[in-house]
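Add chain B with the ligands to chain A, keeping to what the hints say.
Okay, here's what each chain looks like letter by letter:
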Amino acid sequence: MNEAPSSTSPHDFPREVIRGAVVRFAGDSGDGMQVTGDQFTAAAALARNDLATFPDFPAEIRAPTGTTYGVSGFQVHFSSQDVFTPGDAPDVLVAMNPAALKTNLRDLKKGGVLILNSGTFNATNLKKAGYDVNPLEDNSLEGYTVLSIDITKQTVAAVKDTGLSNKEAHRCKNFWTLGLMFWIYSRPLEPTLQWIESKFGKRSDLVAANIAALKAGHAFGETAEVFQHRYEVPPAPVEKGEYRNIGGNTATALGLVAAAQLAGLPLVLGAYPITPASDVLHELSKYKQFGVTTVQAEDEIAAVCLALGASYAGNLGVTSTSGPGMALKMEGIGLALSVELPLVIVDIQRGGPSTGLPTKTEQADLLQAVYGRNSEGPVCVIAASTPGNCFTMAIEAVRLALKYMTPVILLTDGYLANGAEPWKIPNVADLPKIDVKFRTDPAGFHPFLRDPATLARNWAIPGTPELMHRVGGLEKDYDSGHISYAPDNHERMVKARAAKIAGIASDIPPLTMEVGDDSGKLLVLGWGSTYGAIREAVQRCRDRGLSVSHAHLRYLNPFPQNLGEVLKRFERVLVPELNLGQLVKMLRSAYLVPAESLAKVQGQPFKITELEEKIRQVLES
Amino acid sequence: MSDLISPTKLTKKDFETDQDVRWCPGCGDYSILANVQRVMPEFGIARENIVWVSGIGCSSRFPYYMNTYGFHTIHGRAPAVALGIKVANPELSVWLATGDGDGLSIGGNHLMHCLRRNLDVKILMFNNRIYGLTKGQYSPTSELGKVTKSTPAGSVDQPVDPASFALGVNASFVARSIDTEAQHLSDVLRRAAAHVGTAFTEIYQNCNVFNDGAFDAFTDKAVRAERQVRVEHGKPLLFGANNDKGLRLNPRTLALEVVTVGDGGVALSEVLVHDETNPAFGQLLARMPFPEFPVAIGVLHASQRPTYDGTLRAQQKAAREKLGQGDLAKLLRGGSTWTI
Ligand SMILES: Cc1ncc(C[n+]2csc(CCOP(=O)(O)OP(=O)(O)O)c2C)c(N)n1
Ligand code: SF4
Ligand SMILES: [Mg+2]
Chain A
1 MNEAPSSTSP
11 HDFPREVIRG
21 AVVRFAGDSG
31 DGMQVTGDQF
41 TAAAALARND
51 LATFPDFPAE
61 IRAPTGTTYG
71 VSGFQVHFSS
81 QDVFTPGDAP
91 DVLVAMNPAA
101 LKTNLRDLKK
111 GGVLILNSGT
121 FNATNLKKAG
131 YDVNPLEDNS
141 LEGYTVLSID
151 ITKQTVAAVK
161 DTGLSNKEAH
171 RCKNFWTLGL
181 MFWIYSRPLE
191 PTLQWIESKF
201 GKRSDLVAAN
211 IAALKAGHAF
221 GETAEVFQHR
231 YEVPPAPVEK
241 GEYRNIGGNT
251 ATALGLVAAA
261 QLAGLPLVLG
271 AYPITPASDV
281 LHELSKYKQF
291 GVTTVQAEDE
301 IAAVCLALGA
311 SYAGNLGVTS
321 TSGPGMALKM
331 EGIGLALSVE
341 LPLVIVDIQR
351 GGPSTGLPTK
361 TEQADLLQAV
371 YGRNSEGPVC
381 VIAASTPGNC
391 FTMAIEAVRL
401 ALKYMTPVIL
411 LTDGYLANGA
421 EPWKIPNVAD
431 LPKIDVKFRT
441 DPAGFHPFLR
451 DPATLARNWA
461 IPGTPELMHR
471 VGGLEKDYDS
481 GHISYAPDNH
491 ERMVKARAAK
501 IAGIASDIPP
511 LTMEVGDDSG
521 KLLVLGWGST
531 YGAIREAVQR
541 CRDRGLSVSH
551 AHLRYLNPFP
561 QNLGEVLKRF
571 ERVLVPELNL
581 GQLVKMLRSA
591 YLVPAESLAK
601 VQGQPFKITE
611 LEEKIRQVLE
621 S
Chain B
1001 MSDLISPTKL
1011 TKKDFETDQD
1021 VRWCPGCGDY
1031 SILANVQRVM
1041 PEFGIARENI
1051 VWVSGIGCSS
1061 RFPYYMNTYG
1071 FHTIHGRAPA
1081 VALGIKVANP
1091 ELSVWLATGD
1101 GDGLSIGGNH
1111 LMHCLRRNLD
1121 VKILMFNNRI
1131 YGLTKGQYSP
1141 TSELGKVTKS
1151 TPAGSVDQPV
1161 DPASFALGVN
1171 ASFVARSIDT
1181 EAQHLSDVLR
1191 RAAAHVGTAF
1201 TEIYQNCNVF
1211 NDGAFDAFTD
1221 KAVRAERQVR
1231 VEHGKPLLFG
1241 ANNDKGLRLN
1251 PRTLALEVVT
1261 VGDGGVALSE
1271 VLVHDETNPA
1281 FGQLLARMPF
1291 PEFPVAIGVL
1301 HASQRPTYDG
1311 TLRAQQKAAR
1321 EKLGQGDLAK
1331 LLRGGSTWTI
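Protein sequence lines correspond, in order, to chains A and B. For what it's worth, our numbering labels the leading residue of the first sequence as 1, then goes sequentially. For what it's worth, our numbering labels the leading residue of the second sequence as 1001, then goes sequentially.
Chain A on its own, in the form it takes in the complex (with noise of 0.2 angstroms):
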């Protein structure tokens, strides 16, 4: 067959409806694996499928080719059911070299299909990735559908015409490995087709090259016979509405904008770059025309402080970062718990301790987060559940820190903020305003005096007439605001920094569960990113009928109303954490609940069968 064929062609391939899958593209750095990812997860959003994608890359820019390390991993789950994770293990590993097979083999399910690049495992390859002997000519592979095609000579042969040198030629690797998949799961090519256009267009050689790949590898799939089916994944019953695929870091993003709209107040972030955290100050620098304003700092501590000046003149300060950054803007978060000021520090956790795995997941600055200052310094933490929740959770974060004057955090982490899943936009409309009020009126002013129902200072901001007066982080006389070292005013107003936090527990919605019963034999209680993978383990162990439920804090500090409540209900409370059970002491001090801990910290999220396994385990000891 000469001519391209396009997607709505029929053809007498047989299609087997399938319920979904999960397929992860591996290469190394330089393969495109995540563009790759990115446009095979944008089809099947837009055939509807409910999803959700994990990217797994090396922390290294551009690390030696063909090496383990550089190897270059998207995971992406679809389905014509509901989608909580990634998926555990795939079935379909596309590994575009010898290091690629070598670093994901051991995750691919028992006889899933392994599609191999065999243009790759040449000797100096093969060594590289550590291979004595090259595992497609010994029987390591046995147990696997194994399509071993020589993607590169494939590549080259249809981008030949398009004068590009050999080199440019290779990287149109990616594209032909996605036309290929495109033709195993029915889908189109004509939103890629777009996309290669709109991503290339000033180079027309590009765009002819990649689209040329595309084709090839579309069509390789009808001609090669080397596949008795393709697939097709209906699309999911999900609510009616308008969707979007969506990151947690765009989410958080636009969740602090949406925010800061809702208040009627400029945003200024400060941020210094770290990963998993400087796509925030990314998409926020795009924004100026909603008032927002973005200022790569000199480092962390400039970055919290400015955000906090920010504040203290009347506009929102936010500063996002991940954990080193976090440790070194502690003092900065002091100082505004002191001076009673709004700020949002949004956290997006990564591996630590120091440097640790800048580019994998973890949920270690729990501990961090709440109990991280010198002194008695409460703030408010919470924390988002998947990429679209960053959305809700960083409007929640604004409404709080505004209506209490204090900073808020928002835990996040590398996990939710590479990950993606559709998400149903939210109509503005319904988005409810956050009332802000600056003092104006001087009659009896004084800095610290307090709302006696949020007992949130009065915010007076410079350039108010007849309300001159200096905050600082020495000790505030509660009756006057002005320095003072007593030591009943000091104990006072301690107490009264800590109430405040307190009390912000009347005022977000109580626990519930996200599935089972309100009481029964075991509680899974999770915080953070750990969402999706618990709640699935739960529902196929309710399934198998275990006596088992699971809820999801969203809110640390303070914990909910009745949390307390919840676990008694419970004859155990199973606490599973990718940390070595920091919630669970948070639990145990507050509630004195033998809750059991299941930690993990290996910078990959839980999967659905290790917290299975476990609550199994549980349950029957």
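In short, the hints are calculated from the structure, not lab data. It cannot be assumed that every hint is accurate.
[Claimed, not checked] Below, in silico cross-link-like pairs of lysine-lysine (DSBU-like), each with a Cα-Cα straight-line distance of 30 angstroms or less:
1. Lys288/A / Lys1322/B
2. Lys1330/B / Lys403/A
3. Lys424/A / Lys1330/B
4. Lys1012/B / Lys1221/B
Chain B with the ligands in isolation, oriented as in the chain A frame:
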């Protein structure tokens, strides 16, 4: 900027607060405070549009004593807080009080970035060459070999000269004055206030408790004429009780030399004429070794370039003109969407 202007004429009293000033009796900070309170009314800015920001140190208590808005922040970070204030509201007149430790040790990084960015704020550095508040350890401006509680055998690090540092990181305004030289300090403050951009003023300040007399060698009445050169734009660099000494540039070594001017000395025409717009002058004057040379005080450098906050505002305006007021509903919909 018209709303910045104070509708009524203010006086020194208007800038005083009801707070007890808690510096040690005799501290140089008092005279700086009095001086600032005296000249601020001249600027005609309404008090509510003035913000004093400071870090931590004796000098950083300054905002508590000024009846304007004030923010006593954390050690070294005042320039960062001021950046946020100025970004949020560029209309405000923002002033910083910092010390040699606050500004050049823990906060050296922020000070550098503030100066190079040319944020439109006025910085007063109270240089007493000591850590006052923590009771007398040596500071980054203490002379080599300084004996203090933390350096009983003498400090081993070379000091930094604040003005030279500021010029080195491309400050647009650098001046020096002295706590007790009321007239001179007032003049420098007026110049700083009028400057658009970061105005950095180093003030030699006597800490009579932990570093008393640190500047006597050139501030004492008996010697100051011989040991200070008061620089003024467009005027020859002359000093001495009879204005009979001058600074000349040796073109071969590119170094300054002290010459006698007039009878038995060189002609006045050989003496350098100060050009504050040329940072090379500032740097030569800031780095003159003492006591071989006099100490230069006055405006060492002043030049104009766009400010950080001004440029930011312009970008914002341009974005609004090009893209219109942001539409949130459109933003949330992003690239491709699908409807079910
Ligand atoms: C993070 C932090 N570290 C240390 C201190 C203690 N400290 C307070 S002021 C100061 C030095 C102040 O020296 P300088 O800036 O020269 O001010 P001065 O008191 O001399 O006016 C130090 C070390 C502090 N407040 N915060
Ligand atoms: S310690 Fe020194 S600088 Fe501080 S108030 Fe006393 S005299 Fe002034
Ligand atoms: Mg000092």
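Here is what the structure says about each hint:
1. This hinted pair checks out: Lys288/A and Lys1322/B have alpha carbons roughly 11 angstroms apart, not beyond 30 angstroms.
2. Between Lys1330/B and Lys403/A, the direct Cα distance comes to roughly 27 angstroms. Compliance with the 30 angstroms bound is thereby established for this hinted pair.
3. For the suggested pair Lys424/A and Lys1330/B, the alpha carbons sit about 14 angstroms apart, so the restraint of at most 30 angstroms is met.
4. The hinted pair formed by Lys1012/B and Lys1221/B meets the criterion: a straight-line CA distance of about 27 angstroms does not exceed 30 angstroms.
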